[in-house]
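Trainee: Given next are the chains, with one letter for each unit.
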Amino acid sequence: MVNDRIGVYVCHCGGNISDVVDVYKVVDAVKDEPNVVIAREMMFTCSDPGQKQIEDDIKEFNLNGVVVASCSPHLHETTFRRAAARAGLNPYLLEHVNIREHVSWAHKHDKEGATEKAIKIVKSGIAKVREARALETIKVEMPPKVLIVGAGIAGIRAALDLSKLGIHVYLVEKSPFVGGRVAQSYNAYPSGKFGMELIEELINEVKQQKNITLITNAEVTSIKGVIGNFSVEIIKDPRYVVADCPRFKEAIDKCPIEVPNEFDYGLTNRKAIYYPYPNAYPELPVIDMESCNRCGECVKICGDAINLDQQPEKMRIDVSAIIFATGFDPYQPNEGEFGFNVFESVITLPQFERLLALCDKKLVYKEREIKDIAFIYCVGSRQREGNEYCSRYCCVATINSALAAIEKFGEINTYHIYRDMRTYGKYERYYEEASKKGARFFRYSLDEPPEITQKGEKLIVKVKDKLTFNEEIELPVDLVVLSVGMVPRKSEIFSMLKVPFSRDGFLQEVHPKLRPVETAIGGVLIGGACQAPKDSVEATASASAAAAKAATYLLKGYAELEPFIVEVNLEKCTGCGDCVKECPYDSIQLKNINGEEKAFVIEAACRGCAACAAVCPEEAINLRGYTYDQLRAQIDAMLM
Amino acid sequence: MTVIYPDFVKELYEFGVETALECFNCGNCTAICPLEYDLFPRRVIRYIQLGLKDRILENPDELWRCLHCGLCTQTCPRQANPGELILGLRRYVVAKWRGK
Ligand SMILES: Cc1cc2nc3c(=O)[nH]c(=O)nc-3n(C[C@H](O)[C@H](O)[C@H](O)COP(=O)(O)OP(=O)(O)OC[C@H]3O[C@@H](n4cnc5c(N)ncnc54)[C@H](O)[C@@H]3O)c2cc1C
Ligand code: SF4
Ligand code: SF4
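Line order of the protein sequences matches chains A and B.
Quick note: the first sequence uses numbering that gives the first Met the number 0, first residue 0, plus one each step.
Quick note: the second sequence uses numbering that gives the first Met the number 0, first residue 0, plus one each step.
Treat the hints with caution; some may be incorrect.
Unchecked claim - So, partial list: chain A residues that the calculated Cβ filter (under 10 Å) puts toward chain B: (1) Y429; (2) Y430; (3) K435; (4) K436; (5) G437; (6) K461; (7) L466.
To be verified - 20 Å max Cα-Cα, derived SDA-like pairs, lysine to any residue: (8) K489(A) / Q331(A); (9) K116(A) / P72(A); (10) K138(A) / K457(A); (11) K435(A) / V8(B); (12) K457(A) / Q331(A); (13) K425(A) / F23(B); (14) K454(A) / M0(B); (15) K463(A) / V2(B); (16) K95(B) / F14(B); (17) K489(A) / R502(A); (18) K173(A) / T220(A); (19) K465(A) / N27(B); (20) K435(A) / E83(B); (21) K144(A) / I234(A); (22) K457(A) / R502(A); (23) K465(A) / A30(B); (24) K463(A) / R54(B); (25) K370(A) / K9(B); (26) K436(A) / A30(B); (27) K435(A) / L11(B); (28) K9(B) / E431(A); (29) K52(B) / P475(A); (30) K365(A) / K407(A); (31) K465(A) / F23(B); (32) K253(A) / R293(A); (33) K435(A) / Y12(B); (34) K497(A) / E602(A).
No lab work stands behind these hints, which were simulated from the structure alone.
C-beta: ideal position from N, C-alpha, C; glycine also.
Build out the structure end to end from the sequences listed, making use of the hints.
Mentor: Next comes the structure, spelled out in structure tokens:
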């Protein structure tokens with residue numbers, strides 16, 4: 000049976016369409032097509048009167064199919080489908096075809112040709128809707144449980160937001176302590192607080208929450224399933240400190256092992272049993288088994304609170320949605336890049352921030368007082384080959400740390416060797432402030448980067464300076480700080496779900512403006528700097544957005560998915576299994592149905608890519624809403 | 000090869016040259032300057048920032064070309080007061096010359 004009572008609406012879009020396409024001619028050309036009972040041109044179909052007209056016609060003519068020819072379906076398909084539903088028509092019996100972006104805007108200089116093309120497109124829409132079937136959205140139950148991977152500032156922020164809505168959060172952190180990169184920063188812009196204090200404030204809130212299960216020292220080893228029903232396996236590495244003890248400090252003092260503290264980039268040492276910094280959370284220290292020699296000194300003091308034989312623990316949890324908040328890595332300069340690892344006084348910005356935090360009264364590095372510092376910007380960012388993107392945070396963070404150094408240690412000459420100064424928006428203030436505090440700026444080009452040599456005690460930075468008419472200027476300094484960019488973190492977990500990456504290698508959203516925190520994988524959201532270089536302001540904003548997005552599914556208790564998934568015609572299916580191999584999401588299987596092997600679709604997992612339909616030799620698989628019959632009818636209509 | 004001498008800006012304070020570091024090298028002053036002369040006045044202001052006093056003393060005459068029309072000071076987006084800087088540099092050059 001075909002849909003035999005079709006209404007067609009051709010839109011002027013003000014003049015956006017009708018200035019080029021002769022919409023009256025289009026209406027004329029289609030009004031007598033088989034099964035078309037009413038065809039109209041409309042000034043603005045999306046307007047209230049426009050929608051009302053469609054609704055009225057559906058009722059009056061008892062339409063069982065509608066074609067709207069107007070703008071891109073991205074813009075108004077939902078609008079028109081809703082109008083159809085209001086009038087009692089199944090929304091998937093409405094077809095939206097695009098004669099604006101695809102016709103009037105594309106063919107401004109050929110009005111006749113454009114009109115002809117519009118007619119074909121509308122006819123093909125009619126052909127498609129004639130074969131259309133009523134479809135229902137897929138409802139998926141959503142128990143209020145979320146997994147957040149990464150307990151940096153973004154992960155913690157999202158966890159708090161969800162917890163406060165009564166949604167249970169499993170917050171899984173790979174390292175033994177929470178806080179991520181922010182905990183390491185000395186004086187984070189814009190508030191000017193210590194990173195550790197920022198994290199502490201959030202953690203104090205976390206402690207009030209009942210809905211957050213924090214799992215540190217743990218990694219997600221497997222994620223299976225789909226929105227509403229993800230099954231997650233986690234391995235929690237032993238902390239070896241298993242209970243609280245009032246004498247941890249003594250135990251740490253007694254530990255005979257000393258190794259460089261990664262948290263301070265080796266500027267300080269730590270013991271094998273340690274906290275990376277005072278007030279680190281969770282409050283239990285951790286034992287680093289790689290350096291521990293199992294001498295048992297700490298056990299003598301803390302007894303049962305320490306168990307050197309603790310084993311890794313496997314856990315399994317079920318969640319409805321997942322938020323990745325796995326952050327970034329600072330770019331690691333190559334050997335010799337701006338003298339890195341060649342001269343000991345060439346360090347990176349993250350190291351410099353730790354140095355600022357750890358020095359008291361005098362800024363000292365490798366036992367020498369630092370008076371003149373050169374900062375080289377854009378290291379590992381905006382490269383011609385490699386990382387092409389701007390890392391966004393580094394201009395502001397570098398100026399901010401230079402200001403912090405001047406404030407803490409008094410007179411220091413800071414030389415800023417940049418490519419473009421991108422202290423955007425309200426951070427312009429920092430740039431101006433730095434000028435007032437005596438900072439000197441130099442501008443280099445990618446083709447002629449600054450060179451670093453040693454001369455006695457000093458390093459000499461040679462800049463071909465665009466601000467000084469391309470003259471070569473020499474800057475004798477005690478320390479060179481490389482403003483390293485952000486690079487994407489590699490992790491197995493992204494491939495477990497096939498989360499797409501952007502060209503730059505960060506996790507990618509569906510649409511930067513319209514769906515900024517969702518990935519292409521249903522129920523998998525992203526927050527913080529795993530998505531793109533972000534400062535903590537942007538990281539927390541996007542994390543809160545991801546939490547809010549997760550809540551939109553979870554508070555309703557179910558999610559509605561578009562019905563465009565595949566279906567199997569059991570009569571045609573021979574059970575060859577070609578489709579099973581093709582499906583990138585493991586959502587089609589062979590199953591014994593009435594004694595025969597047949598392809599079977601797991602509806603909640605199918606993403607509607609129809610890769611299976613393409614390989615099925617029997618044409619037994621159809622994509623709902625885009626069946627073979629519909630597509631053939633469309634093509635025929637175009638060719639007529 | 001030219002080596003930076005950052006303390007020069009302080010030596011200029013007594014001549015009333017105090018705002019040189021406000022300049023962010025946009026070049027607006029040079030663009031509007033009716034002299035249309037060799038990147039004047041930004042060039043000399045840049046030399047102040049880097050402490051390249053030889054460059055200034057090499058060609059001091061140019062400071063006396065300035066008409067003191069005030070256009071640069073009006074246009075400067077950073078209130079670096081380029082006109083005043085030029086006047087101050089004249090005082091500095093005269094003092095140097097007297098000292099010789
Ligand atoms: C030197 C420097 C200075 C900065 N200064 C400022 C500043 O002054 N102001 C400002 O706003 N921003 C600043 N930033 C930027 C700021 O650090 C970031 O915006 C912020 O860290 C992003 O937070 P995040 O939670 O997204 O990522 P991260 O801080 O990177 O946290 C990610 C967390 O996820 C964990 N993780 C990663 N992978 C996994 C996994 N597979 N499983 C479990 N856990 C995982 C990590 O261990 C980490 O704890 C600075 C950055 C640097 C490098
Ligand atoms: S923020 Fe500044 S330093 Fe960082 S990559 Fe962009 S332009 Fe370069
Ligand atoms: S207009 Fe002002 S900021 Fe711009 S170059 Fe001249 S003095 Fe400097």
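Trainee: Next, verify each hint and record whether it holds.
Mentor: Do the hints match the structure? See the list:
1. Y429: violated (13 Å)
2. Y430: Given a least distance of 8 Å, the restraint on Y430(A) holds.
3. K435: Hint on K435(A): holds, closest Cβ of chain B at ~7 Å, below 10 Å.
4. K436: holds (8 Å)
5. G437: holds (6 Å)
6. K461: holds (8 Å)
7. L466: Because about 5 Å separates L466(A) from the closest Cβ in chain B, which is inside the 10 Å limit, the hint holds.
8. K489(A) / Q331(A): Satisfied, since the Cα-Cα distance of roughly 14 Å is no more than 20 Å.
9. K116(A) / P72(A): Since the Cα atoms of K116(A) and P72(A) sit roughly 18 Å apart, the hinted pair holds (cutoff 20 Å).
10. K138(A) / K457(A): violated (68 Å)
11. K435(A) / V8(B): Holds, because 12 Å separates the two Cα atoms, which is no more than 20 Å.
12. K457(A) / Q331(A): It is violated: about 24 Å lies between the C-alpha atoms, which goes past 20 Å.
13. K425(A) / F23(B): At roughly 17 Å apart (the allowed maximum being 20 Å), F23(B) and K425(A) satisfy the hint.
14. K454(A) / M0(B): holds (15 Å)
15. K463(A) / V2(B): Holds: K463(A) and V2(B) sit about 12 Å apart, inside 20 Å.
16. K95(B) / F14(B): holds (11 Å)
17. K489(A) / R502(A): holds (14 Å)
18. K173(A) / T220(A): Roughly 11 Å between the alpha carbons, so the hint for K173(A) and T220(A) holds.
19. K465(A) / N27(B): holds (16 Å)
20. K435(A) / E83(B): OK: K435(A) and E83(B) at ~17 Å, within 20 Å.
21. K144(A) / I234(A): holds (19 Å)
22. K457(A) / R502(A): violated (41 Å)
23. K465(A) / A30(B): holds (17 Å)
24. K463(A) / R54(B): Cα-Cα ~17 Å, so holds.
25. K370(A) / K9(B): Holds, at roughly 17 Å.
26. K436(A) / A30(B): violated (27 Å)
27. K435(A) / L11(B): holds (16 Å)
28. K9(B) / E431(A): holds (19 Å)
29. K52(B) / P475(A): Roughly 17 Å separates the two Cα atoms, so the pair holds.
30. K365(A) / K407(A): Satisfied, since the Cα-Cα distance of roughly 19 Å is no more than 20 Å.
31. K465(A) / F23(B): holds (12 Å)
32. K253(A) / R293(A): Since the Cα atoms of K253(A) and R293(A) sit roughly 13 Å apart, the hinted pair holds (cutoff 20 Å).
33. K435(A) / Y12(B): holds (14 Å)
34. K497(A) / E602(A): Within the cut-off at roughly 18 Å; holds.
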